[in-house]
Amino acid sequence: MEKKADILIIDDEQLIIDAIKKIAKFEDFTTDTSLDVMEALNKLDKNSYNLIISDIMMPGKTGFELLEIINQKRITTPVIITTGFSTLENAVKALNEGAMGFIPKPFTVDELISILHRGMKYNTLLKNKYLPSSLSDDDLLSFIPCPPKYHRLGFDTWILEGSEGTVKIGLTDLFLKSVGMINSFESLQIDESLHQGGTCLKIVDSNDLIHQLISPISGKIIDINQGIIDDASLLEKDPYFNGWIYRVIPNNLEHDINNLTPCSSDI
Amino acid sequence: MIKFDKIGMKLILAVSLTVIIIISIFAYFSIQSQSDSLIAEVERHANQLSETVKRSTKFDMLLNRRDHIHNIINTIGNEECIRNVRVLDKEGEINYSTDLKEIGEMVDKESESCYACHAQDKPIERLTIKERTRIFKIHPDSSRILGIINPIYNEKSCWEAECHAHPEEQTVLGVLDISVCLKDVDRVTEESKINMFLFALVSILLIAIIMRVLVKNLVQKPVRNLLQATNYVAVGNLNYRIESTRKDELGKLANSFDNMTKKLSEMRLQLFQSDKMASLGRLAAGVAHEINNPLTGVLTYSSFLLKRAKDNPEMKEDLEVIVRETKRSREIVKGLLDFSRQSTPKSNKVEINEVIDNALTVVANQVKINRIKLVKNYNSNLPLILGDANQIQQVILNLVVNSIDAMGKENKTLTIETNSIKLPAYGVAKITHATCPKGHDLMDEHHKIDGRPSIKLKVKSSTNEGFIHLDPVYGNHNHHYGIQFEKDEVSKLFCPQCGVSLVDEDDKGPDCGAPTYKIYIPNQGELKGCTKFGCGWQKWDFVDASGDRNFVEIKISDNGSGIEKEDLERIFDPFFSTKGQKGTGLGLSVIWGIIDNHRGKISVDSTIGKGTTFTIHLPEES
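Taken in order, these protein sequences are the chains called A and B.
Numbering follows the numbering used here, with no gaps: position 238 of the first sequence is 238.
Numbering follows the numbering used here, with no gaps: position 389 of the second sequence is 389.
Keep in mind the hints are simulated off the structure, nothing from the lab.
Since the structure is predicted, the reported quantities are computational estimates derived from the model, not experimental observations.
Here a beta-carbon is modelled for each residue, glycine too, at the ideal position from N, C-alpha and C.
It is possible that part of the hints are untrue.
[What the hints assert, rightly or not] Among chain A residues calculated to face chain B with C-beta under 7 Å, some are: (1) L15; (2) I17; (3) A19; (4) G84; (5) F85; (6) T87; (7) K105; (8) P106; (9) T108; (10) E254; (11) I257.
[What the hints assert, rightly or not] Pairwise CB distance ranges (calculated): (12) B:L227 <-> A:I249: 17 to 27 Å; (13) B:D275 <-> A:I249: 31 to 41 Å; (14) A:T199 <-> B:N239: 44 to 54 Å; (15) A:L15 <-> B:D275: 28 to 38 Å; (16) A:I249 <-> B:S603: 25 to 35 Å.
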């Protein structure tokens, strides 16, 4: 398969395509574009890309249908979903159906750059996992999958049901590796509410890019891990145990968990 | 025109018919017995007369003084109403008579006077008084006549008399026959019949009138009211109430109807609300999608420019404004989308003074244009409350707009006050767990009152049994009754699972003296309440003992026109509006709903011509 460009941009509005193209070019990424899903699928058959960024609502097939077809075709190129219909439900649905990221419209240049960079890195990580023989940086050789009994939203966050009806929330190793070096993070406060699909954490990486994390469940924060506040590197060292972020009393775990994937299905 | 298909007319006809039958039967027997007793009296009288005649003529008979006998018979025969007195011998020859022409004539053995004895072949010699009398008519048109015969028996003096007229072996010598007219008896009987008829007529008329009035007041009026109410409801006026004060079945039906329309209107309001929200949601979603695409262009290009304009401070500053304002637009659209999914109201710590200020910025222009003096008396040490800042802001905004609308032309002052106060827990504290003495859970998650699980109990009234759902807020009485109760009726309450009685007959409530019920609140003591329907007494010692709760008080006062007293009571009802066409009447009921959701209370105080004050109490975040 011929390598055509870094990023395939799919949107029915030329304005959006132009805007994304301009920013990608600014970051030295090459781009290819299509105005609908069918055209994009044709291009995907012929060429390979490092990253796809797609709108949801388009004439013909939607962005969600694109995700489904890509999963069926076992195309490993990560997909970022973007939409003007930026509800929490769409964010959750996009991640749960296999999108690597979700960026609501309208976005700023910085927001887009952050997710594009993370997408590119994510692609490299996946290639390393599935194609171990390929050339890569040593530190990106592999990542640790989330343990059984955990549930994850997309490949970003996990939850673990604890005793007394509380739930712990944390980040996956894959997400942390796709972010790279963490400079700092901005968490919510105790007693604040989380909404599934809403932003629950902002992470600033070594390049000052801000990555927003989408909350896997709705609930009320009752505890924040003091360990990661004292030492952010704990997140990378032990992402699934001592590196948890929030302890939450869920609003409706039975409902929320339907939008999550059990980690046991990964093994 | 009389309509026979009306319930009243049917009743009147049925009752009249019954009365006619009863009076007819009564009249028949009454007149019959009256006539019988009158005739018996006449009979006795005639018999006495005949005996008198017989005795007074006896002496003259023995002496055979015929002219004397004639004299006596004529004298008696001249008496009024004595038609005829005659004496017949054994062969039937008329010997004496008041009618002189008859004398010497023979009477047939089958004639009226002879029939009684000679009906059989052998003449009867002794007869009872009944058998001796007969009632007959000479002409069909003449009045009735009662005849009585008195046989003259042979005696020693008769055959020993000088005239030797009668042999010794003869038993009956002849018959004295007197006939008396029954004109008086017939007249009295006839009068009685007429009286009875008049009585029946008057009774029926009276009964018809009374029935008419009763049916009209007891049946027709309430039925017509009900009919009218159903028509109102049918055309969509669910606020129509019959408000019957009657205690009878139709009154109960009217009350039950009122209750039904009230529930219907509440449900319709909810439907209306959710429908409104749903269509607004669809609109918001559509608008959001349409606006977000062009906003993406603006935001990306402007932020891109900003990124490259680091060396040009003047341009950087302008671009920052564009980026900031586009981000603000983004937040507005996000708010629109948030609004479209109102299902999860946010619950955050809310700083009330800040929320009020936010609301006031929205109407700042209106306040300025209307030249309203705004007085803010904020308590700067206000505790935080837990709630949805947007919703509370909406409440404040609505109340402020209402106040602005209500104010006159001069000296307009709007005062907003915030305070930290303490209020008793009564009417505020929630019951989240409740059990019977045996530990069975009484909470019903499926039946919610004001959005909270209710307390389900089995209830028995004097006539029925079913379930009652108690309001889970201590001191609130929005209970849902599964069965009907009379006013002041005392109910019996049981655990719906094990049936154990929850009523303590010996413990009387202080307000009305009825027995109290008791339910157990795990780890928080017990809740007692009165079993009398309509009595609102409740006591929860555990909560009362924990003392008063902290509340944030918000007072919004204007010096506007004020609200009429009768309007004040209904001001939070759905669809109630004093603004006529201008308002929809939804505002204050929605406000009430929001405050209630925040476990708070809103009240209003108003004086005509002086102004109105709305007071809101919201519980401090605990």
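Results of checking the hints against the structure:
For L15 (chain A), the suggested interface contact is upheld, since its CB lies about 5 Å from the closest CB of chain B, less than 7 Å. This hint is violated: I17 (chain A) has a C-beta 11 Å from the nearest C-beta of chain B, more than the 7 Å allowed. About 4 Å separates the beta-carbon of A19 (chain A) from the nearest beta-carbon of chain B, less than 7 Å, and the hint is met. Because the closest C-beta pair between G84 (chain A) and chain B is about 3 Å apart, less than 7 Å, the hint holds.
At its closest, the beta carbon of F85 (chain A) sits 5 Å from a beta carbon of chain B; the interface hint therefore holds under the 7 Å criterion. With a least beta-carbon distance of about 6 Å to chain B, the hint placing T87 (chain A) at the interface is held under the 7 Å criterion. Hint status for K105 (chain A): holds, given a least beta-carbon distance of 4 Å to chain B, under 7 Å. The criterion of a C-beta within 7 Å of any C-beta in chain B is met by P106 (chain A), whose closest approach is roughly 4 Å, and the hint holds.
A least Cβ separation of about 4 Å between T108 (chain A) and chain B falls short of the 7 Å threshold, and the interface hint therefore holds. This hint is violated: E254 (chain A) has a C-beta 14 Å from the nearest C-beta of chain B, more than the 7 Å allowed. The restraint placing I257 (chain A) at the interface with chain B is violated, with a minimum CB-CB distance near 17 Å, outside the 7 Å limit. Checked against the hint of 17 to 27 Å, the C-beta distance between L227 (chain B) and I249 (chain A) comes to roughly 55 Å, which is inconsistent with it.
The hinted range of 31 to 41 Å is satisfied by D275 (chain B) and I249 (chain A), whose Cβ atoms lie roughly 33 Å apart. Taking the beta carbon of each, T199 (chain A) and N239 (chain B) are about 45 Å apart, inside 44 to 54 Å as hinted. At roughly 35 Å, the beta carbons of L15 (chain A) and D275 (chain B) sit within the given window of 28 to 38 Å. Under the hint 25 to 35 Å, the C-beta atoms of I249 (chain A) and S603 (chain B), about 33 Å apart, fit the expected range.
Of the numbered hints stated above, those contradicted by the structure are hints 2, 10, 11 and 12, listed in ascending order.
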